[in-house]
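Taking the hints into account, I'd like the entire structure generated from these sequences.
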Amino acid sequence: MQEFDSLQSIDAHVHLNFDAFADDREEVISQMEEKRIGAINVGIDAGTSRESVELAEGHDHIWASVGCHPTEASKPFDISKYQSLVKASNTVVAVGECGLDYSRPEYRSENQKQLQEDVFVSQITLAAKTDLPLVLHIRPRKHSMDAYEDGLDILTHLQKQADTDLAGTAHFFVGNKDIAKQFLDLGFYISFTGPLTQDSNLQEVC
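Throughout, my numbering is defined as the position within the sequence shown, counted from one, plus 352.
Simulated from the structure, these hints should not be mistaken for laboratory data.
Don't take each hint at face value.
What the hints assert, rightly or not - Keeping only pairs whose Cα atoms sit at most 27 Å apart, straight-line, the calculated DSSO-like set for lysine-lysine is:
1) 529 with 494
2) 494 with 533
3) 465 with 533
4) 512 with 439
So, in structure tokens, the structure goes:
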């Protein structure tokens, strides 16, 4: 396995196993290797997490993250499948992407929110037990910080309960300065994507 410090840069959140790369996946991976670009390929359910591990095991400059995306929380969930992947492969460097997503009405019924929380808590516990960072997907409803507030409450509570430091990245961050500070104080990084180019409030946070 290639060492991180031998690479020019690392993309911390990719989905190279998705259908969007069906026609040119190996070409993209080969170009990345030539340019000394590494990547962490992120799963969104048990199947794509397994694919992430398989992809990582076949390429020295790719690593895997295994987890269940919050919008997949209503499907059957078995944490042991993710535990097995972590134990079986040293290419697994993170747990996720996991978190809470209230961005659409169908995701924020009380039943759906509870399912998301249960699945999220299971993955935080796995990360704490295996000393792996978390890849967080937390998306609030428009003009609200609700999912961030709930997610931070869960992370803070479980960090105290586990008596261990949690870490990771809050992916696709669209929160405000206060939310950003709370993540940083917990030991997390935050990452920005496309909305940063058009949102002056996000630019101020960044």
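Checked hints:
{"no.": "1", "hint": "529 with 494", "result": "16 Å, holds"}
{"no.": "2", "hint": "494 with 533", "result": "20 Å, holds"}
{"no.": "3", "hint": "465 with 533", "result": "24 Å, holds"}
{"no.": "4", "hint": "512 with 439", "result": "25 Å, holds"}
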